[in-house]
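Engineer: Read off the chains here:
Protein chains: 2
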Amino acid sequence: MEADAISNATPTEEMNGPGNLMDFLDEPCPDMGTYEDFHTIDWLREKSRDTDRHRKITNKSKESIWEFIKSLLDAWSGWVVMLLIGLLSGTLAGVIDLAVDWMTDLKEGVCLSAFYYSHEQCCWTSNETTFDDRDKCPQWQKWSELMTGYNEGAGAYLLNYFLYVMWALSFSLMAVSLVRVFAPYACGSGIPEIKTILSGFIIRGYLGKWTLLIKTVTLVLAVSSGLSLGKEGPLVHVACCCGNLFCSLFSKYSKNEGKRREVLSAAAAAGVSVAFGAPIGGVLFSLEEVSYYFPLKTLWRSFFAALVAAFTLRSINPFGNNRLVLFYVEYHTPWYMAELVPFILLGVFGGLWGTLFIRANIAWCRRRKTTQLGKYPVLEVIAVTAITAVLAFPNPYTRRSTSQLISELFNDCGALESSQLCDYYNSPNMTRPVDDIPDRPAGPGVYTALWQLALALVFKIVITIFTFGMKIPSGLFIPSMAVGAIAGRIVGIAVEQMAYHHHDWIIFKNWCRPGADCVTPGLYAMVGAAACLGGVTRMTVSLVVIMFELTGGLEYIVPLMAAAVTSKWVADAFNKEGIYEAHIRLNGYPYLDQDEFTHRTLATDVMRPRRADPPLAVLTQDGTTVEDVETLIKDTDYNGFPVVVSRESERLIGFVQRRDLTLAIKTARQKQDGVVSNSVVYFTEDAPQLPPDCPQPLKLRRILNLSPFTVTDHTPMETVVDIFRKLGLRQCLVTRSGRLLGIITKKDVLRHMAQMTNQDPESIMFN
Amino acid sequence: MEADAISNATPTEEMNGPGNLMDFLDEPCPDMGTYEDFHTIDWLREKSRDTDRHRKITNKSKESIWEFIKSLLDAWSGWVVMLLIGLLSGTLAGVIDLAVDWMTDLKEGVCLSAFYYSHEQCCWTSNETTFDDRDKCPQWQKWSELMTGYNEGAGAYLLNYFLYVMWALSFSLMAVSLVRVFAPYACGSGIPEIKTILSGFIIRGYLGKWTLLIKTVTLVLAVSSGLSLGKEGPLVHVACCCGNLFCSLFSKYSKNEGKRREVLSAAAAAGVSVAFGAPIGGVLFSLEEVSYYFPLKTLWRSFFAALVAAFTLRSINPFGNNRLVLFYVEYHTPWYMAELVPFILLGVFGGLWGTLFIRANIAWCRRRKTTQLGKYPVLEVIAVTAITAVLAFPNPYTRRSTSQLISELFNDCGALESSQLCDYYNSPNMTRPVDDIPDRPAGPGVYTALWQLALALVFKIVITIFTFGMKIPSGLFIPSMAVGAIAGRIVGIAVEQMAYHHHDWIIFKNWCRPGADCVTPGLYAMVGAAACLGGVTRMTVSLVVIMFELTGGLEYIVPLMAAAVTSKWVADAFNKEGIYEAHIRLNGYPYLDQDEFTHRTLATDVMRPRRADPPLAVLTQDGTTVEDVETLIKDTDYNGFPVVVSRESERLIGFVQRRDLTLAIKTARQKQDGVVSNSVVYFTEDAPQLPPDCPQPLKLRRILNLSPFTVTDHTPMETVVDIFRKLGLRQCLVTRSGRLLGIITKKDVLRHMAQMTNQDPESIMFN
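Chains as they are written, first to last, in full-length UniProt numbering: chain A, 1 to 767; chain P, 1 to 767.
Just so you know, these hints were derived from the structure itself, not from any lab.
We treat Cβ as the ideally placed atom computed from N, Cα and C, and that holds for glycine.
You may find that some hints are simply not true.
[Unchecked claim] Sample of chain A residues lacking proximity to chain P, with all beta carbon distances greater than 10 Å (derived):
no. : residue
1   : A99
2   : E120
3   : S251
4   : A310
5   : R399
6   : D622
7   : R651
[Unchecked claim] Using C-beta positions, here's what the derived DEER-type ranges look like:
no. : chain 1 : residue 1 : chain 2 : residue 2 : range
8   : P       : P441      : A       : P334      : 32 to 40 Å
9   : A       : P334      : P       : V378      : 41 to 49 Å
10  : P       : S248      : A       : P334      : 36 to 44 Å
11  : A       : H502      : P       : K297      : 40 to 48 Å
12  : P       : K297      : A       : D613      : 22 to 30 Å
13  : A       : P609      : P       : S248      : 42 to 50 Å
[Stated by the list, open to error] Partial list, derived from the structure: chain P residues whose beta carbon lies under 10 Å from chain A:
no. : residue
14  : D52
15  : A278
16  : L287
17  : S315
18  : K568
19  : W569
20  : R600
21  : E630
22  : T631
23  : L632
24  : I633
25  : T735
Excised from the complex, chain A in its bound form:
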């Protein structure tokens, strides 16, 4: 009987798929179809809505020239958004680079010829600089020199020390205050949140204009303060804010959360592209680490955005060397098979460092969340800055900015190099190019440098754990790379000296004759940096691509790959989670990761209502009054309600969104004559002819989704998880032979997964 009631409707007569809502309502209300804050989006529905919009435009485009042009503009709007994102994020990155350079040097001194010059720029423009000592020129004065006229002696040293710490403290105080007051979302690296947003979660304001502005400013301050943090993660956040900003220019993107996420994925690629000057690495980073859905179309767009961003940055030329990249190495010495052993050891070190860092950092962040500590974020930042500055100044390798340190560690020693790390006993033949200098015995400077580097290593390891996660913008790439580069350089020098002093050992005999250039310590630093970054983030392919875009060291793909893969294996052996996933879990974001679900449970074990629960809140296709529906909406907080033929048969016919229902009733009550509390709501094709004294019926079939997603109660949860992940569902109904049994939401899936891995299912906070 009920079956007949449904089959009366001829299916092709009208289309009531989820996407066709708009056709019938003609956008009566701008809110229709949007989501609330901290809610999950329904990817299938968004996609369907976009296809409808597209179809409409295509149909219209045949009507007139103007509509045709509009349809062309619509088709190209994606590329336009990419262009704008590239331009703005490239510009911002250039400005940030310049500002950081200037402010970092401001901690040491000032340029007399123009106060807005950094140390390097100051001495460039000076004519009195000799080639040998590019860093020294009379225009650049340290604070002690400027204020007292002295540059030597304990007094000058202490004065410089004091001012260094003071500048650092004022920068970080300013940063944390700005974040606190104007944009609390501007803190941290932002990558865990962006990952969550890209997976289909709504956090309003996280990518807003204020966040963009404040994050840009505070990022400069935080990096300049000398804290152990980098600008790479935050730049991804900044680029995503740009993406979100430009989305609002086009209704195609601003009104569709699914399409918006395509743009954000590409923006993330542009962010990494300018952070490192590595456009392809950026695309891969977005693919491997950040994005959730990454169709080929997004790949191509990301590629374009990354290209434009890199190009813009290059035009600004913040490093003044016409190169895109931060660290450029010039050596092309081949590496030898036997060197794979130390490279793999560095990989193991990177994996161990990653494990240690993630455990310690998460433990500390959990403590911050749960204890009094979290209540004094400003004090925490000030304290950490003070400790960092006080400990960093005496050691030349921690005093300078971390990227300068990494750059020096990556470089091979030329014959003319004046740095301490290059204090080798040179053979008389001095004019050979970098690639061809034979291994030399280390001088005393190298040994001093080794000690200082070892201290710097310990310092960086400890302080980074406490720095990442504070309430200021903080990236993790540069500190991790610094740890690895220091360790790598130490190992590199050790191997080099061993090879020099023990040419006769079996392992060296074959590949290292006396007078040959067989070990490049800079390469070890590079490999170490890759290993440590890999251990923390668990990237592999994108990591290697970034490393070789960064350094131009095409010959070293195999060592880099070996270290990255080893580091991932070692770190995964302890814990599968990278730092970003760990922070997502710590914060309880509803993120459905790609790990395989292997437990033997069925949909029926996960669906609600459970055995003890009251029955599911459903609507019937007819017979419910407007008042009943309103009561149901008021009494529950579900996002939607299944519609069944009747309460007895419980046969499912569709699903209706709470928002749509509320809006439709409100609109009907205001605009439609005769719709009162007593009116009967019909979800059927036709409402029956009622006697004239009855109140007008309310027909709501147009807001009914007639193709809700269903699984049977026997479906294994692994399949359900797979479906949720791949199709990006928000909820799924559970039926048996068409009888509605229950509902599974994304939150239920996440809770169940947490339960299965013995975590607290209540830690997942939002739906």
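Fit chain P to the known structure of chain A by using the hints.
Structural biologist: Quick look at chain P alone, frame taken from chain A:
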């Protein structure tokens, strides 16, 4: 009533999901769960089966140490397979490279010191070679010299010409005969078929041992014959054959078509890795161009396989230069903003070439399929080889191997270079490095070279159209790149000469002062090659990565990206299909591509049975006899049958595979007492107690999939297509409120899509 009959079964009592088949049957038959040739696999089912297997092993591993070790081995078997694939494909690629070098040179002459030396190796080992003329040494003798003692004059030329053509003909005859006789699947590039296989299609023998062997041998012959084809595509096929070979070592991969495809994706990456010496480009190629599902796990594994393969190849060192890559460039001259104009023009050329090539090649291949031409493949190969060889010999740029040609075109002219292309009027200052030689006026040699290059360009364009698709192994990368490199070099020289002779033009004024090195013609060749390859294959990211891994030209990412993106835009404006998709469509493979489906149709329009058709072949959960089932199996050729409560209610309870049904009945008839033709088949939880004189019932609930995938009849087709694509379904049932209305198979979806784009739906051949 029927509803009650179903709800008797308590859902958690036993699990009959698709994956649990094995538990109950205990693998009674090795064929259970496999697929037939030219059929589509069900990804969800394969995944489910693998999870089950994994779960079983994990449970067992707690029982004993031995089981624990076995579970560890199982967990690492993926990496072991990758290692083996890398080793074998690297070795094969090395062997192929060496053999091709030798046989290509064999067409010209022979090495007297050892006949198995190629020209280059021959002169390396010779002491009499001067540095200036590395190619000339007395040990290497042209055929004319060896046979008549003369190397000059018309007679010697004609003799060499004749022998060149003869060698080419004999190589290609051997190649085509071997393919015809032993392994018909060894022809072509193989990438369209591998794409189809990776999307979930079964083509038995396509990746078999014979194909591996024959393809390797014939690839060497085909490339050596001088035909306009490359070894890159076929190497991907060879690597995939290796992958398939090693899959058979581990039941984890050999028995699961889904897992097997993960391995094949990685193998494709290894193939490109060794084809170009570009490991990261290989991974991206697999991701962007070949693979269908590419989870992060596969990304990491591919990365490892590509690494091992590249490393193995480097150890074999076929190019004798300790470099991985085919074409290594040494220049690092910066490029100028204004040069983007010619680069983008080259991109446009690439896009046009791509469009032209695809149209012409597909038209020719269609003609081959439909006319008499297809019946004489040997003759066709011989004819094309003859034409190629006859036309190629007189022109020095087509006589040499295509990769040598590309290599020369990519190279910048040093001061000492002796080739015709480098015949510039040199300024007196001769000792500057390559990067620093100012622009010079071209000498007569350059102009001759330009003419010859122009002829070579026309020749390559025409002959490649006829070559690709013949019944021998043939890759498309190298010919496409050659076309682009020739065009690029011509443009490059033109721009260079313009810049030299017209320093005062506005466009040159800013970036090209007299005496500066402002234009690098080799870079134009590189950009042109990328543009043409991009136009044909529509790759973007992987293309740029391959190009810069190939050449080490890190500085040139932006020009390469600009050309690749332009080329893609231009080519896409004409037709969205790349050459591989075009060949897939030509051959009618059931490939569901990633293009968006935007038509406004519903599931009900696509499902079978159509209005005029007989009703759907279904089974009922009880009341059917074994004989009835056997008749149904005999009378239809469907892959499976939905099971409903009763024919009247048509309420769906599950789906049963044809294979499983046939096997189960066969086994039961043989082994189970009392099962005869009259036995009633029960798909319910419990069979009713029958009177003793009735035949034994046959309970088949264990082979029933209780969670078949369903959509409602109102579901828009765009959603259905999305579900098929993302979940990799084989079929999907259409219901309305639990009533079974019809079925949609992958073939139905593909037919419908073809119909919607006005193609012949019957061109899709297989299911």
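Engineer: Taking 22 to 30 Å as the stated bounds, is the beta-carbon spacing between P/K297 and A/D613 within them?
Structural biologist: Violated, at about 37 Å.
Engineer: Under 10 Å is the threshold here; is the Cβ of P/D52 close enough to any Cβ of chain A for the hint to stand?
Structural biologist: 8 Å, holds
Engineer: Against chain P, does A/A310 keep a CB gap of more than 10 Å to every residue?
Structural biologist: Not fine: 7 Å to the nearest Cβ puts A/A310 too close to chain P.
Engineer: Cβ-Cβ distance between P/P441 and A/P334: within 32 to 40 Å?
Structural biologist: 38 Å, holds
Engineer: Could you check that no beta carbon of chain P comes within 10 Å of the beta carbon of A/D622?
Structural biologist: Holds: least Cβ distance 14 Å, greater than 10 Å.
Engineer: Holds or violated: P/K568 as interface residue toward chain A, Cβ cutoff 10 Å?
Structural biologist: Holds: closest Cβ of chain A sits about 7 Å from P/K568, inside 10 Å.
Engineer: Hold the hint about P/R600 up to the distance rule: shortest CB distance to chain A must be less than 10 Å.
Structural biologist: Holds, about 6 Å.
Engineer: With 40 to 48 Å as the target window, see if A/H502 and P/K297 comply at their CB atoms.
Structural biologist: 43 Å, holds
Engineer: For the hint 42 to 50 Å, verify it against the beta carbon of A/P609 and that of P/S248.
Structural biologist: Given about 49 Å between the Cβ atoms, the range holds.
Engineer: At a threshold of 10 Å, is the proposed contact between P/E630 and chain A supported by beta-carbon distances?
Structural biologist: Violated. Min distance 26 Å.
Engineer: Is the shortest C-beta separation between P/I633 and chain A less than 10 Å?
Structural biologist: 24 Å, violated
Engineer: With respect to the beta-carbon atoms only, verify the hint that P/S248 and A/P334 lie 36 to 44 Å apart.
Structural biologist: 38 Å, holds
In the structure shown, a violation is registered for the earlier hints numbered 4, 7, 12, 21, 22, 23 and 24, in ascending order.
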